[in-house]
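Peer 1: In case you want the letters, here they are:
Protein chains: 2
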Amino acid sequence: MSLSTTSLQDFLTHCRGVVGDEFVVCDDAGMAPYLTDWRGRFTGKAAAVLRPASVEQVRLLVAACAQWRVPLVPQGGRTGLVLGSVPDASGDAVVLSLARLNRIRAVDPVNRTITVDAGCILQQVQEAAAAEGCLFPLSLAAEGSCSIGGNLSTNAGGTAVLRYGNTRELCLGLEVVTPQGQLWDGLRGLRKDNTGYDLRDLYIGAEGTLGVITGAVLKLYPQPKACITALAALPTPEHALRLLTLMQDRCGASLTGFELMSGFCLALVAQHFPQLPKPFAAQHGQYVLLELSSNESEPHAVALLENAIGAALEQAIIDDAVVASSIAQSAGLWQLREHIPLAQAAAGKNIKHDISLPVSRIAQFIATTEPLLQQAFPGCQLVCFGHLGDGNLHFNVAPPDGIGHEAFLANQAAVNRVVHDSVVTFGGSISAEHGIGALKRDELAHYKSAVELDLMRAIKAALDPLGIMNPGKIL
Amino acid sequence: MSLSTTSLQDFLTHCRGVVGDEFVVCDDAGMAPYLTDWRGRFTGKAAAVLRPASVEQVRLLVAACAQWRVPLVPQGGRTGLVLGSVPDASGDAVVLSLARLNRIRAVDPVNRTITVDAGCILQQVQEAAAAEGCLFPLSLAAEGSCSIGGNLSTNAGGTAVLRYGNTRELCLGLEVVTPQGQLWDGLRGLRKDNTGYDLRDLYIGAEGTLGVITGAVLKLYPQPKACITALAALPTPEHALRLLTLMQDRCGASLTGFELMSGFCLALVAQHFPQLPKPFAAQHGQYVLLELSSNESEPHAVALLENAIGAALEQAIIDDAVVASSIAQSAGLWQLREHIPLAQAAAGKNIKHDISLPVSRIAQFIATTEPLLQQAFPGCQLVCFGHLGDGNLHFNVAPPDGIGHEAFLANQAAVNRVVHDSVVTFGGSISAEHGIGALKRDELAHYKSAVELDLMRAIKAALDPLGIMNPGKIL
Numbered sequence: 001m002s003l004s005t006t007s008l009q010d011f012l013t014h015c016r017g018v019v020g021d022e023f024v025v026c027d028d029a030g031m032a033p034y035l036t037d038w039r040g041r042f043t044g045k046a047a048a049v050l051r052p053a054s055v056e057q058v059r060l061l062v063a064a065c066a067q068w069r070v071p072l073v074p075q076g077g078r079t080g081l082v083l084g085s086v087p088d089a090s091g092d093a094v095v096l097s098l099a100r101l102n103r104i105r106a107v108d109p110v111n112r113t114i115t116v117d118a119g120c121i122l123q124q125v126q127e128a129a130a131a132e133g134c135l136f137p138l139s140l141a142a143e144g145s146c147s148i149g150g151n152l153s154t155n156a157g158g159t160a161v162l163r164y165g166n167t168r169e170l171c172l173g174l175e176v177v178t179p180q181g182q183l184w185d186g187l188r189g190l191r192k193d194n195t196g197y198d199l200r201d202l203y204i205g206a207e208g209t210l211g212v213i214t215g216a217v218l219k220l221y222p223q224p225k226a227c228i229t230a231l232a233a234l235p236t237p238e239h240a241l242r243l244l245t246l247m248q249d250r251c252g253a254s255l256t257g258f259e260l261m262s263g264f265c266l267a268l269v270a271q272h273f274p275q276l277p278k279p280f281a282a283q284h285g286q287y288v289l290l291e292l293s294s295n296e297s298e299p300h301a302v303a304l305l306e307n308a309i310g311a312a313l314e315q316a317i318i319d320d321a322v323v324a325s326s327i328a329q330s331a332g333l334w335q336l337r338e339h340i341p342l343a344q345a346a347a348g349k350n351i352k353h354d355i356s357l358p359v360s361r362i363a364q365f366i367a368t369t370e371p372l373l374q375q376a377f378p379g380c381q382l383v384c385f386g387h388l389g390d391g392n393l394h395f396n397v398a399p400p401d402g403i404g405h406e407a408f409l410a411n412q413a414a415v416n417r418v419v420h421d422s423v424v425t426f427g428g429s430i431s432a433e434h435g436i437g438a439l440k441r442d443e444l445a446h447y448k449s450a451v452e453l454d455l456m457r458a459i460k461a462a463l464d465p466l467g468i469m470n471p472g473k474i475l
Numbered sequence: 001m002s003l004s005t006t007s008l009q010d011f012l013t014h015c016r017g018v019v020g021d022e023f024v025v026c027d028d029a030g031m032a033p034y035l036t037d038w039r040g041r042f043t044g045k046a047a048a049v050l051r052p053a054s055v056e057q058v059r060l061l062v063a064a065c066a067q068w069r070v071p072l073v074p075q076g077g078r079t080g081l082v083l084g085s086v087p088d089a090s091g092d093a094v095v096l097s098l099a100r101l102n103r104i105r106a107v108d109p110v111n112r113t114i115t116v117d118a119g120c121i122l123q124q125v126q127e128a129a130a131a132e133g134c135l136f137p138l139s140l141a142a143e144g145s146c147s148i149g150g151n152l153s154t155n156a157g158g159t160a161v162l163r164y165g166n167t168r169e170l171c172l173g174l175e176v177v178t179p180q181g182q183l184w185d186g187l188r189g190l191r192k193d194n195t196g197y198d199l200r201d202l203y204i205g206a207e208g209t210l211g212v213i214t215g216a217v218l219k220l221y222p223q224p225k226a227c228i229t230a231l232a233a234l235p236t237p238e239h240a241l242r243l244l245t246l247m248q249d250r251c252g253a254s255l256t257g258f259e260l261m262s263g264f265c266l267a268l269v270a271q272h273f274p275q276l277p278k279p280f281a282a283q284h285g286q287y288v289l290l291e292l293s294s295n296e297s298e299p300h301a302v303a304l305l306e307n308a309i310g311a312a313l314e315q316a317i318i319d320d321a322v323v324a325s326s327i328a329q330s331a332g333l334w335q336l337r338e339h340i341p342l343a344q345a346a347a348g349k350n351i352k353h354d355i356s357l358p359v360s361r362i363a364q365f366i367a368t369t370e371p372l373l374q375q376a377f378p379g380c381q382l383v384c385f386g387h388l389g390d391g392n393l394h395f396n397v398a399p400p401d402g403i404g405h406e407a408f409l410a411n412q413a414a415v416n417r418v419v420h421d422s423v424v425t426f427g428g429s430i431s432a433e434h435g436i437g438a439l440k441r442d443e444l445a446h447y448k449s450a451v452e453l454d455l456m457r458a459i460k461a462a463l464d465p466l467g468i469m470n471p472g473k474i475l
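Each protein sequence line maps, in turn, to chains G and S. In terms of the UniProt record's numbering, the numbers along the first sequence are unbroken and rise by one, the last being 475. In terms of the UniProt record's numbering, the numbers along the second sequence are unbroken and rise by one, the last being 475.
In short, the hints are calculated from the structure, not lab data. We treat Cβ as the ideally placed atom computed from N, Cα and C, and that holds for glycine. Check each hint, because a few of them may be wrong.
[What the hints assert, rightly or not] Over the 10 Å line for every Cβ pair with chain G, so calculated as not near, a few chain S residues:
1. Ala128
2. His405
3. Ala462
[Claimed, not checked] Now the in silico label distances, taken between C-beta atoms and shown as ranges:
4. S/Ser326 / G/Gln223: 33 to 41 Å
5. G/Ala367 / S/Ser326: 46 to 54 Å
6. G/Gln223 / S/Ser54: 44 to 52 Å
7. S/Ser54 / G/Thr43: 49 to 57 Å
8. S/Ala267 / G/Pro465: 52 to 60 Å
Given these sequences and hints, build the entire structure.
Peer 2: What follows is the structure in structure tokens.
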């Protein structure tokens, strides 16, 4: 689908007329920051990077792409983990950066909505909501860099899904430029709207393959009055599941976080970050980081949490627990969780999986899959942690002691096959919150049914008949 | 698209081979119960009523419809309000009743999911969840008759949306027979799954025009330990909005119901149902029915509600309030709300609107639209009530005193135009929770943008190229 040099120059001249010369970037140095993925594993090529500043400019640029048949790769904060927002190696595509569309358009504290440009950084959205006394609950490691358009396009998850849902559940309305360069204004701030097909949720999670999200109406919540954190120590994942049921029964929607961490994970953190707190003297098999929020008061949250933990101790579900008594202590407990990926990186590269399972099957999944891995790769080390309340595990596999991390990466495809086969056996998903992008495209094709793939292809062909939207991603 | 008599007989013979003679109903008396809508406004015709008992039978019947080019109308409990589940007057279509697919397939209290056949009655699902100590929160007037497949196909709302969302938010996975007679197994019980396009939400709310939903995995919640009801009296809808903000800030997710009722509504109820409670001696402009649920205890719920009501009285947001002190008193307060439609029916037919608005604009919408109606139809009477917490009003218009209800119905199109034009001006929706069906198809075409209609048509053509799925509905 390469253009002739003359046609490409015509196209770029047209684009310069839309956004101005300086925002059509064609030199290698200027384009470089837009071509490499977040984890630095892949660098693509592009014919140009286009940097529109308004929805109308996006529309005109996409219309030009359609007219000249130029593939385009929408790009937000470029923090994705599956190569969804960088171009391939062909150099045929242009990158369409949404970074300059970064206005908070409106905050409505009574409707509890915020209307934003797609290029707004997640943290900027959180802060604009907080300034009006509201909570925008989406929260994830990259929140200082990722854009809300990217969060929507990947249906991002994070640490508050248990209470507030994924990005999909936080979005009421969307504005999208179609692959034909038309504007769909679906910017509705409505809790109920049953007027035809759910286009919104089709664009959410489509990773830019069906259109370009340019704006969104997002849900806000009341700011909780208090937020309390605790760390529980327990023997097995099975006990963690029992704790989850107990906490949900007693605390309902006040339970806002429930993160599982294996003993191996925390030992790895202690090894690489010895300055972090060590809440327990003894070693335990598993740990759960709990967070409770209250719209009432801090004493309410503390009492609720302490009573629940008391019951869990009494029922021998947990062996021990600490409740943070200050914001600093709470932050310290969260740091343990957040440093797991950093400790892994410090130890060396490993083979990562972002999987989900029915919550009730997680313990059995771990108990079944770890021996399968040991059988195939004797001595390999499992770094298993994640959002247990959502059934989402980061199920990472590190080399046996004495085997180099880089060398072990040669087993990636074989390790993936063991883990993903087991995931599918247990009714799970091979991509819980990261999406498919280019990285997991072959895995998707391997595991999805022919019926489902055909349905997806029919939708793609119907909405993007020229096939110019983020080619090579998902399908 | 009429078949020749010979072809039709071949088709029906084939269907009898699939489901057995007795479940291919062709006689007028046998078909009659399947052809008239719930409110008795329309009776269609059908070539036959097909009554499969298994997913595989559904698949074979739909494949036969595709082969013989016979249009089909999927039907659940037939309680819809927009003529979405009855055939048109042509007699070309067959009705595909899902009523015999009524098994609860599985309940998983740890994963908090229930897997059901599409033909299960909503109440049956609620009861199966309760038997395992869980709550399936979808609740609406027709729950004793409506089927979960119909709830999904119309994305039903109801009285618990404020806390738990619409049916869409309560569904994790779907099983669908495509218009080609293929089975899409999307029965996943996962909170997170980012593996390609969101087919699930495309089928939800599609009113049977894209495929036949045969099964679903639904979300369950912990059963609240207590549920408290109160009725607040206040002067205006503006005050009701202030009360909503106050309640949400103080109670968060414990606020599970927030229903607005105008003084005129309750006067109508008192007139037609004098035996029902009259909680206040004085007349008030507006009333709000509040419901609070607690996962902790009844004293917790009572204290939370009484403190919030105390604050609302202190801030002069409400004039008066009663808190139910028993289950019987609570039921009595809900009866006031539930008897509004019955009182309306007793008074005579009126012109109904099921609309939604940004919550923050509701007071201004009512204040603007009522004078527009009075100007166009002097003396007309507004019966305004609904799920204020969701921005959803049932905004019904009754004739002026002295004008017959039937005669006033002649103004239906003109009244709709006034109300719906105003809804659109305020950024609202002309169908909040009932859907489009055949009844609102022309209104949809009138109000939706050409871009949105084209996107919907493209999806319809891609997934149902023969156009056999529930023709004449939505598009």
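Peer 1: Would you mind marking each hint as holding or not holding in the structure?
Peer 2: Hints versus structure:
1. Listed as outside the interface, S/Ala128 is consistent with that label: its C-beta sits roughly 17 Å from the nearest C-beta of chain G, beyond the 10 Å cut-off.
2. The Cβ of S/His405 lies farther than 10 Å from every Cβ of chain G, with a closest approach of about 27 Å, so its non-interface assignment holds.
3. Under the 10 Å C-beta cut-off, the non-interface status given to S/Ala462 relative to chain G is violated; the minimum distance is some 4 Å.
4. Taking the beta carbon of each, S/Ser326 and G/Gln223 are about 35 Å apart, inside 33 to 41 Å as hinted.
5. The hint said 46 to 54 Å for the Cβ distance between G/Ala367 and S/Ser326, and at roughly 49 Å that hint holds.
6. In this structure, G/Gln223 and S/Ser54 meet the distance hint of 44 to 52 Å, their C-beta atoms being roughly 50 Å apart.
7. Judged by the Cβ atoms, the range 49 to 57 Å given for S/Ser54 and G/Thr43 holds: they are separated by roughly 53 Å.
8. Taking the beta carbon of each, S/Ala267 and G/Pro465 are about 58 Å apart, inside 52 to 60 Å as hinted.
Checked against the numbered hints given earlier, the structure breaks only hint 3 and satisfies all the rest.
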